[in-house]
Structure formats: C-alpha cells, structure tokens
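S.K.: Listed below are the residues making up each chain.
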Amino acid sequence: MTTGNGVSLAARGLTRVYRRGSEDIRALDGVSLQIRRGEFVSFMGTSGSGKTTLVNLLGCLDNPTSGELELAGRSIFGGGRALSERELTRIRREVFGYIFQNFYLIPTLTVRENVALPLAFYRKPGSEGEVERLLRLLGMEHRLDHLPGQISGGEMQRVAIARALVNRPEILLADEPTGNLDTQRSAEIGEILQDLNRSAGLTIVMVTHNPGLARLGGRLIEMRDGRLHEG
Amino acid sequence: MISRFQIAYKNLLRKKARTLLTLVGIMLSSWVLVSLLGFNRGYEAALNRDIDNMGYQLMVMAKGCPYEAATMMLQGGTGLRYIEQSMVDSIVHRSEVDKVTPILMQAFFDPDKGDGGGIAGYFGVDAETFPTMKPFFRFRQGGWFHDEQAAEAVMGYEAAELEQREVGDKILVPEKNVQLKVVGILERTGTQDDGTIFVPLKTLQKISGIDKITTIGIKVKKDADSAKLEAALYQLPDVQVVSFTQVKQTIMKLVATARVMVLSIAIIAMLIAMAGVVNTILMSVLERLQEIGILKTMGAMPGDIFILVWTETLILCSSGGVAGIGLAFVFARLSDILVRRVLPYAPGGELVAIDLKLALLTLAVIVVVGLLSGIYPAWKAGRVRPLESIRSEG
Amino acid sequence: MRGEGSIQMIRKALVFPLALLLLLVAALPALGAVGCDLNDPDRDVARLFPDSSGYKTSYTAIDKRGGEPLLREVEKRLGDRFHGIYETIDVPYTIYEVYSGRRKAGYIHGVNQKGQFGGIQVFVALDMEGRIKSFYIQKMTSQWAKKLRDPRFGRQFAGLSLRDFEAYDPVAGKGSGRVAEIRNPAPEAEADFRAALRALKKNLILMDEFVYSAERGKP
Chain A
0 MTTGNGVSLA ARGLTRVYRR GSEDIRALDG VSLQIRRGEF VSFMGTSGSG
50 KTTLVNLLGC LDNPTSGELE LAGRSIFGGG RALSERELTR IRREVFGYIF
100 QNFYLIPTLT VRENVALPLA FYRKPGSEGE VERLLRLLGM EHRLDHLPGQ
150 ISGGEMQRVA IARALVNRPE ILLADEPTGN LDTQRSAEIG EILQDLNRSA
200 GLTIVMVTHN PGLARLGGRL IEMRDGRLHE G
Chain B
0 MISRFQIAYK NLLRKKARTL LTLVGIMLSS WVLVSLLGFN RGYEAALNRD
50 IDNMGYQLMV MAKGCPYEAA TMMLQGGTGL RYIEQSMVDS IVHRSEVDKV
100 TPILMQAFFD PDKGDGGGIA GYFGVDAETF PTMKPFFRFR QGGWFHDEQA
150 AEAVMGYEAA ELEQREVGDK ILVPEKNVQL KVVGILERTG TQDDGTIFVP
200 LKTLQKISGI DKITTIGIKV KKDADSAKLE AALYQLPDVQ VVSFTQVKQT
250 IMKLVATARV MVLSIAIIAM LIAMAGVVNT ILMSVLERLQ EIGILKTMGA
300 MPGDIFILVW TETLILCSSG GVAGIGLAFV FARLSDILVR RVLPYAPGGE
350 LVAIDLKLAL LTLAVIVVVG LLSGIYPAWK AGRVRPLESI RSEG
Chain C
0 MRGEGSIQMI RKALVFPLAL LLLLVAALPA LGAVGCDLND PDRDVARLFP
50 DSSGYKTSYT AIDKRGGEPL LREVEKRLGD RFHGIYETID VPYTIYEVYS
100 GRRKAGYIHG VNQKGQFGGI QVFVALDMEG RIKSFYIQKM TSQWAKKLRD
150 PRFGRQFAGL SLRDFEAYDP VAGKGSGRVA EIRNPAPEAE ADFRAALRAL
200 KKNLILMDEF VYSAERGKP
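Top to bottom, those sequences are chains A, B and C.
Sequential numbering from 0 applies to the first sequence in numbering that gives the first Met the number 0.
Sequential numbering from 0 applies to the second sequence in numbering that gives the first Met the number 0.
Sequential numbering from 0 applies to the third sequence in numbering that gives the first Met the number 0.
Chain A with its partners taken away, still in its complex shape (with noise of 0.2 angstroms):
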C-alpha cells in the first residue's frame, strides 16, 4: 500500500479482536480509510460501534489484532508484529495529541503545571513558551495558577487541550471531548477545535455522540458494528 502526498493516516484492513471469557467480540472488522493532512475527521456512532477502538488504533494507544497502518508514509502496524509499549509511546508523544472526556488533569498540579506535565517527559524542539502561549490562546491565561478544582469543566478541557498541543502534536485524538460538558460549554470547545483546525492546519480525528459537534468537521464517518459508512 502506498500513500500520496499529503496523506497522514492511512489504514488498510484494520480489525481488532477482544476476548471475553470463551466468546471473541470482533470489535472493528476489516476497516480501511485514509486521512489527509489538515483533515477535521468525526466519528460518530452507537456505543460498541467500534469507534473508539478505531480511533485508539489510529492513535497507536493500542495494536491491532490483523491489518495495516502507516503514519505519514511509514509503516506503523503490518506483518502481523505487534509494537512495544516503548515503540508506540515513542511514535505517540512525535505524533499526537490526546484529549478525553474525563479531561484527566491533575488535581495537586496549577494549570500551568499541568499544560507543562508532557514537556517534563519528553520535549520536542520548538516547545519553548508554549504554555503560555497556547493558554493565552485558549483564553485561559487568567487561571494560570489555579488548581483544576477551581476551574469550571469547560476550563478543563481547555487545559486539556492545551496539554495535548504543548509538544506541537501533528495529529489531534479527541474522544468524546465534550461528554462532560453542557450544551454551551461543547459549543464552545468545538468553536476552538474548529479554529484549531482551520488556522493552524491541525489534523483532528474525533469521536463524538454529539451530532452538532460531528458536523463541525470536514468529514463525518459513522459506525456500526466495526465497520464505517462515509456519508
């Protein structure tokens, strides 16, 4: 499989296979995409759809049971050889950025802190004011040091975001990024992601229940049953 220019995820095949107790559960069956760079990219679909099992996949959170994936023309997953949890942090913290429902900040930490917690592990060049400026950016620099328990839920998926972007990530993963937030809030956080997308060419796959949310991108895949239907 050969990728063109401008492609940034291209996968062939993909399936992943959960065992539960005797029973296999095909959890994603055979799927096959591309995404191009620069791409808004939105998954919607039932829960056990296999949405988030594809979007872990694409995400290198997880190796696939069979098929294939390549990153930005390299190989990633294929011949059947599962990666390390070592090799896919590597190609995780070079490549992505990850935001979750539960926004995961921690709790003893500033926001400052937090947004800086990836670039105590691991910093690419060119992260160097960053924080402030992605925080600024996210309108949040007048909660620089206040503890995520004296933020609102909004407040924190900003941080969350932030965090995702300090390591300038080529590639967004949002998973239900606005499950934990009312309708306002959710507007407000797919107004950034849209902006993020647009102004700063920031590739974005995401996973969403929320229809208004999922028509923001480009792009609206739905699933069902491990299997995609571009609509």
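Think of the hints as simulated: they come from the structure by calculation, not from any bench.
Each hint should be verified, as a subset may be incorrect.
Below, simulated BS3-like cross-link-like pairs (lysine-lysine); rule was C-alpha separation at most 27 angstroms, straight line [as the list claims (entries may be wrong)]:
hint	chain 1	residue 1	chain 2	residue 2
1	B	205	A	123
2	B	180	C	145
3	C	75	C	146
4	C	146	B	169
5	B	169	C	145
6	C	103	C	55
7	C	132	B	180
8	B	175	C	145
9	B	169	C	173
10	B	175	C	173
11	C	145	B	205
Starting from the known structure of chain A, arrange chains B and C on it as the hints suggest.
M.R.: Below, chains B and C alone, put in the same frame as chain A:
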C-alpha cells in the same frame, strides 16, 4: 517548568494524612534504628572508660569472694573472706606488674539509716599506692590522707552529698562508734567510687580488728602478657583472679542479648514502616491508574513512570529518615535515660553516641530499604497501559 | 588434667557472678542527688495517712519558685543563713500530696540537714491547715540516733504548726511556748537535736512558701 521531582512531591500532598502517617512510621523506626546503632558504639566506649577508671585491670581476692562480696552488700559484711597482706609482696615483683595496691572492704550495719537500717561500706586503701592507681581522681574539696594511720576519710561525691559532709566534718563508723575526720571530697566520676568512703588501710584494719585484706588491685604493665600473669596468680593458694577484660566481655555478652532483642524490635518496626510505605505508594498508584495512563499518552516511558513513583518513595523515606535522626539527636539524652532504666549495668557517660557518620549510615539504610520496598509499586505503575487504564472508566 | 583446664573452668564460673556484682554495685549509688525522698513512698504514705487512697509526687526548688528574693525571705523567717555546699538555692524538694478518695488529706515533706556525723533527713506529715500530724527522722548517723528516732520523741511535735516555731531561734536553740517544752531525749547529742529542730522549722517554712501560701491566696 515543572520537574519530575515536583510532580512526585505534589502527589504526596494529595492525601496529606496518609503521607503524614507514613512519615511518622518511618521517622519512628529510623529514630529507633539510629539510637540503637548509637547505643552499640556508645555503650562499649562507656564501659571501657569505666573499666579504665577502675585503675587496675586485675583483682586478686580470696576464693569464693565474689559471691561473698555480693552478700556483703546485701547482708552487711558477714562472712567476708580475707587474704594475707604478705601476698602483695609476692605479686609486686613479677615482671608483668606495674603497680599493686592492697584493699580491705568492710561493711558496717547502721540501724538508723532508713527503717530497717542500712549498710555503710568502707574501703580501706593504702595511702601511698592507691592514689597512684587513680590519678584521674579530682578533689572537689581537700585531698588524700595525711598519713597511713590517720583517723581520716575521703568521700566519693554522692556519699558526701548524702551525708552532707564537707572537709573538716566528722563521720562516725557505725557499730564501732569511731569518729573519722573528712579530709577530701571527690568530684563525681560516674562510677561506684562516687558512693564509696575511703579510709587509710591501717586505720580500717585497726577499727575492725583485722590485719588482713580482702582484695589486691593489680595494674598490669602496658604490652605485658596479662593472661600469663593471670595464670601465674592462680598458682597462689586459695585465691581467685578477676580480670576486668573478662568482666567487660561478660557484660558485653549480657548486653548483646538485650541488644539482639532491641535490634529485632527495630527491624520489625522498620518492616512495619516499610510495609506502610509499600501500602501508601501502591494505594496512590492504584488510585492514579488513569492519570498514569494519561502520562503515558503524553510520552512518559515505563522507566519515567517507574522513576516518578520511586521518587515519591525516596521523598517519603529520606524526609522521614532525616526527621527521625533529628529526633534521635535531640532526644539522645532521653534515650540515655531510658536505656539506663532498662539495662542492668550502665556505665557513666554517654551511652547513646550518635555522630554525623552514623546518622548518614542510618539514613542510607532507610533510603535503601525504602527504595527496595518502592520497587514493586513503581514497577506496577510503569507497566500500566494507557488504554486499559482509560478504558477502565467504562 | 587439674592444670590449665580447671583454671579455665574456674575463671568462667567466676566471671559471671562478678559481672553481676558489678551490676549490683553500680545500681546502689543511684541514691538520689541532693533531694530528700521517702525510702519507700507507698509504704510510708500508708503508714503516715492510714486512710489515704493515693498520693502525687511533685518536685520544686527555691530557684524555680522565687529565686534569690525567696531564698532571702526563707532565711529571714528561719532566722539563719543557708550554708555549706549542700544547702543551696537549687536543692530539689519532693512534696508528697496525699489523697483520701478525691479529697486532699495532707502533705508529706522532708528536708536534708547537716548533722554532727552525717546527713539527717527530717520528715513531717501535715494536715491541710499545716498542723503536724507526725514528725520523724528517717536517717541520722549518731551514737544517740536511736533516742531521737524514737516515736516518743516524735509525738511531742504532733499538733504544732509553723506559728509555734516562728519565735524559735535555730542559732541559739531557744524557743518559746510549746516548742520550749520539747525535751531533748539525748542531751549528749545537743548539736543533732538542734539540727533536727532547725530542719523542722525550715521544712515548715518551705511548705508554707511552696504550698500553703498559694492555697491561702485562692479565692
């Protein structure tokens, strides 16, 4: 911006009470440990000092005497065994011998000391040779006897204090009703000499109507073969030889038994403290599985997480250890008092001797043991897979 | 085989008891510093206060309670200076506070006094008003100690209080009223008899300063 150390440190602040309790555990166990190690060294040094302060390393006494000497203290001097004073001459010429001094121990019953009466012990010592055996004696008032038959007494510090005696005062030998003049009061030595009343040998012999002695103190020449001398002295008729080196060894053996017990307690205390560390750290790892998973999505390697969690252990153990050692320094005198109460024989001076070297050694032990106990939780944290931990939310 | 081997045996047999002896002897001079304690407080308290249920021990000293001015006050009331190397401002005093149930029944207090041939320990048991319940000499070195330690001698003091001793001059050994009536059972030991009375007066003054004056001050 934020170091791993800060992350670890701030994480410990999350459950303050739990961290504090763990710290207290480590603190107490390191206190016990450092005090114990300090005692180990201090006690032997103090015992050596005490034995040096005896002035002589060997004692010759009549056979059966040690038992009787104990009885003398308890029952008032009945059944003391004596040796001939001429025996001194047969010993003094031996090549290993530096100095020899004859001693007569006598005990008199004083019916007006407390309710049932009490024993007043007197040491008859040779006015010429005894002072040279105790060159370290310092006088608080006065000095030694004026001659070897003088009706005079030199009192140990505590004996003088109890009897409220000053130089020039009189004392009365109970039973015999003989008056003696106090000519000297010694400074405190921290040994049994403090409670002793010294009288010229000939004077005490006259008072008690005995021309013999009970003991001969022998100072052995430096580098001389003490064991050979002991063996030779055993050839004298009806005597026993007591070597303070042996006495010391015996006491050290007695103390060693106590020490083993205390050491076991210290080790158990340390194990409990370390189980506390494992529990605290493991709990905090299990509570943070998702956070650890997130750290991994951010690019933290298993080794990074391992070190992060290990750092928490290190912070706990080293600060608890430092606090415990600090406590031990501050309360070293208190430990001394406690040890003195527990131990059968406590020499004078510092028993618990803690110095910087010992403190650092203990800290090293605590930290190493702490790091060992931190391995499992840290390893478990390092193995957390991001996906599993995040998914565990459901 | 009676040579070396048996010497070794004897040595081993000997060292252990001698070590024990050292332990024993070393434990003896633990007799208190300069204070004056009851020999056996449990037994003594029960003897002096037969209906007591318990007691509390407290320690105090002139330098802790009032320093130099208090020392001068005590000396003035006593009519004599503190002298010698053992009668000093920092001597600790042990006060036994005796209880009968929850009610305080009285006090026991002793002081050291320099006697002719040794230290004298003079104890009194006092009721809550400061009257002497009993007086006795715990320790005294003298040929005639037996007479002064006789309970018949001690009984002469029962019922007296500090007021009776105010006029007593310990230097001249002269008193008035009931104190003047107290007989010395051992005329040969006049010095020790006077010493005991001086100690008693000092004892009562100290108790007044340490305990009763504070209790009187209470509303």
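S.K.: Work down the list of hints and note, for each, if the structure agrees.
M.R.: Cross-check of the supplied hints:
1. B:205 x A:123: violated, 100 angstroms
2. B:180 x C:145: holds, 23 angstroms
3. C:75 x C:146: violated, 31 angstroms
4. C:146 x B:169: Holds, at roughly 20 angstroms.
5. B:169 x C:145: Status holds; Cα separation ~19 angstroms.
6. C:103 x C:55: Given that 27 angstroms is the threshold and the Cα spacing comes to 10 angstroms, the pair holds.
7. C:132 x B:180: violated, 37 angstroms
8. B:175 x C:145: holds, 15 angstroms
9. B:169 x C:173: Roughly 25 angstroms between the alpha carbons, so the hint for residue 169 of chain B and residue 173 of chain C holds.
10. B:175 x C:173: Given pair residue 175 of chain B, residue 173 of chain C is violated - Cα atoms ~33 angstroms apart, limit 27 angstroms.
11. C:145 x B:205: Satisfied, since the Cα-Cα distance of roughly 26 angstroms is no more than 27 angstroms.
The structure shown violates the earlier hints numbered 1, 3, 7, 10.
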